[in-house]
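Undergrad: Chains as they are written, first to last, in this note's numbering: chain E, 1 to 508; chain H, 1 to 508.
Since the hints were made in silico from the structure, they are not lab data. Treat each hint with caution, since some may be false.
It does not matter which identical chain is meant; a pair holds if it fits inside one copy or across any two.
[Claimed, not checked] Straight-line alpha carbon distances no greater than 30 Å define the calculated DSS-like cross-link-like pairs of lysine-lysine that follow:
hint : residue 1 : residue 2
1    : Lys104    : Lys3
2    : Lys369    : Lys13
3    : Lys7      : Lys290
4    : Lys95     : Lys299
5    : Lys481    : Lys94
6    : Lys385    : Lys481
7    : Lys3      : Lys481
8    : Lys104    : Lys156
9    : Lys104    : Lys299
10   : Lys458    : Lys13
11   : Lys160    : Lys104
12   : Lys104    : Lys457
13   : Lys94     : Lys290
14   : Lys95     : Lys387
15   : Lys104    : Lys7
16   : Lys228    : Lys385
There are 2 protein chains.
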Amino acid sequence: MVKFSVKLLDIAKRGVLLNRLDARSIGVLDGDRVQVINPANGISAMAFVDTTSTIARQGTAGIYAITNERLQVTDGGGVEIREAGRPASLEYIKKKMDGGRLSKEETLTIVRDVVNDDISPAELTAFITASYINPMDMDEVEHLTRAMVETGEQIKFATKPIVDKHSIGGVPGNKISLLVVPLIAASGLKIPKTSSRAITGAGGTADLMEVLAPVEFSAAEVQQMTEKAGGVIVWGGATNIAPADDRIILQEYPFRIDARGQMLASVMAKKYAVGANLVVIDIPVGEHTKVPTMQDGRKLAREFIELGERLNMRVECALTFGDIPVGHSIGPKLEVMEALRVLEGAKEPNSFIQKSIALAGIAFEISGKAAQGTGALMAQDLLVKGKALEKFRRIIEIQGGNPDVTSNDIAPGEHQFVVNAPASGYVIGMNNQSLITLARIAGAPHDTGAGILLHAKKGTPVKAGEPLFTIYADRSWRLQKALEEGRRLMPVLVEGMLLDRIPSGREF
Amino acid sequence: MVKFSVKLLDIAKRGVLLNRLDARSIGVLDGDRVQVINPANGISAMAFVDTTSTIARQGTAGIYAITNERLQVTDGGGVEIREAGRPASLEYIKKKMDGGRLSKEETLTIVRDVVNDDISPAELTAFITASYINPMDMDEVEHLTRAMVETGEQIKFATKPIVDKHSIGGVPGNKISLLVVPLIAASGLKIPKTSSRAITGAGGTADLMEVLAPVEFSAAEVQQMTEKAGGVIVWGGATNIAPADDRIILQEYPFRIDARGQMLASVMAKKYAVGANLVVIDIPVGEHTKVPTMQDGRKLAREFIELGERLNMRVECALTFGDIPVGHSIGPKLEVMEALRVLEGAKEPNSFIQKSIALAGIAFEISGKAAQGTGALMAQDLLVKGKALEKFRRIIEIQGGNPDVTSNDIAPGEHQFVVNAPASGYVIGMNNQSLITLARIAGAPHDTGAGILLHAKKGTPVKAGEPLFTIYADRSWRLQKALEEGRRLMPVLVEGMLLDRIPSGREF
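Kindly generate the complete structure, drawing on both the sequences and the hints.
TA: Encoded structure:
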């Protein structure tokens, strides 16, 4: 145990910076693990070591910002540092690598070490990779779900039912929560919806809602607002609900993997932790989504339902058409405009409206609000009568936004370019991934006005020179970049009906 | 592409530190990958982003020391930064996760990205984990070996044969290179021996040799010194030979894994890169080593031989007894003393001498220096006649050490504690791992005088109060800590011959 005086380092990372000579004397190298103790409050934190010859003098330890969120030392204060032992988690991760099955306690130990930063991103990646290759069985998935719940905050409502809804993603423009949540809340059911920001997409539900109101709230605030307004749409990352999940998703990101067991646990832990007992899950099925075939979709649905039963939650899944974008808009402000227009009475786009009322209808049926087969009608009725708009305004208000906002108040990016059909024909293909990439290059989700508005969808006829889609950007250089890339990406394909021409007079 | 002025950060890590607002504007988050270009020399480097609000002002980019070893920018100079694409390696790693087999080109791309730091430690860990769970076949091992060689420096000697020797490790006190290398060089054969520092052990061969002479040399220096002296014993990490291997080993370390394919490639790449065409491999077999049974040892030996054939190298393996330490000493100075004493003429310890001459003897036989079955005798002769000592002094001299050093000049740690037998009986057990842990707690390998000297080995009788082993330390608090832990670790077990007592008069 060696004493150091503290130099706070405003670098948004975990770790400790030691003078090279001090590190040698403690017996650690760059990247090794040490225990840092704040003797003033008794708090200790694991930290990984960086070394320097100049920035920290001998006897001084630099403490990075995220590690100090935990330690709470002051600049010039004192800490004690010692070589840290090897966390038990590493044994359990090794066990998973070797094809073993993890117990409840072993899983909880790993998840707790993830949340406390006691294992490194690389060590967490080993766990994720091992669980991807040696898939978890349903017992392990249940352990992981419960561990994710237990290592974060939980909401306990006084009354049931509590409804929740989740889309497993992979489809651009999937703004349905902006309709489904107000619809469900308008029926008198409670829905404390936590959602994500985009990682690989052009806008997560939280990015969309943030156009209209703040989305960062504590778990206690989520509960209070839901009690008052019937529903909320907030960013899950701010709540400390199932915090392990964000870390896992971050490490999966480079490989674009979404291991089945982790995905099941991720979704259900967040629903369980907000107190939901009725859950509707949207599983988009399509060649370019996470679920390529109906058969895969049915299997995944059965797994969600089984996991739900183990957790005393009633789950119903909807397999939805995922081959093309939902509605016409991709990108935060464009999607919000489209959603507001529908709430204000627009009868289009049909794909967006039908999907939203179908999912809300399932919630009405499983909660007993509507008889079997009549849920969608009830949802349609709430939409047409303006009850969903009224409720959405209440939700915007309780989150601190302007409840009088209308679709006309939302201004998408001022820099625009209309891409026209090069020839007459039919829209024969839309590439979801290319559409998302193009929206991101244009600046979405960070530039909220950036995105894509589709004028012609798959299967519709277009004439040469008619608009196919418009690219929006908040910054002109972003638009420029999107135009350059757009030529290569070809997100929308138009082809004539004449597929081949047989020379006249040719013999068959 | 955004321009920044440079602030050099003396922190021994890779990466770039951006102001939070600049990072948002480029569209990157903490941990994202950017391309940093030095316009002055055209060099570009991939870097991972940390963010700050204060340490780098807007428009300024902090460049960490290891990234700048590549970029070579000056403080106050300029760099350009842009969002970086996703390296192709990640697709190939994903392919390995999915059970695919990697081609030569795919493997080379991954290894090149590892060496250039274009993939993160977590991404490399995913590759290692995937290759551990989905083992490489011999084609993939050959690809990996060649890729490791091609991405580092290589030595090409004008004449053959070039001999090399490797122990796959797992046995404490395995100082045999200090005998084997001088023996082989004394015969007139050339042996450019690169070795490692301890990661989990109490002293690698490089740590031992450093007691006597510098060990950090470039590949060109290794070649020149070998041409002159016949052999060297240097630290491989300084040579830039097969540099990918060090990165891989570092990421394997937390899980104490040594995936078969990577181990084969790691050993053989280093031998191939130094130009060796005759290789002797020591495979210690025993319950607590990396190779638990003779059957495992034979299988591993066949794989080394096959890989050698693919690389036009002749390999011979020796399965050796790995259940107890080699010789009596563990820790840099203690092991060097023991090796020097044997070179100076000591007839003990038998285990150390016999193992060393056996391995040198194999080299003599496969090189044609000795007839089949007479290699060990030749080695014995070189040792007894002082030729090995003479050659070792020459090696020490050429590496810049004092060639007149004797075993009496080496002083182990001044703080010592003798652990005595608690009762009369036999030494029935020695726990290799506990011995290594104890030596490390006492300060080895960093404190070179720290370690353990065994007075009674497994199977020998001891009387109560007779010394079992001595713990050495350079610092008194380290000795204290070793004593505390030693009680728990029980590295040496003594038990009476009377295993059970049957009450007289009892019926059977």
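Undergrad: Looking back at the hints listed earlier, which ones does the structure fail to meet?
TA: Structure breaks hints 1, 2, 3, 6, 10, 12, 14 and 15.
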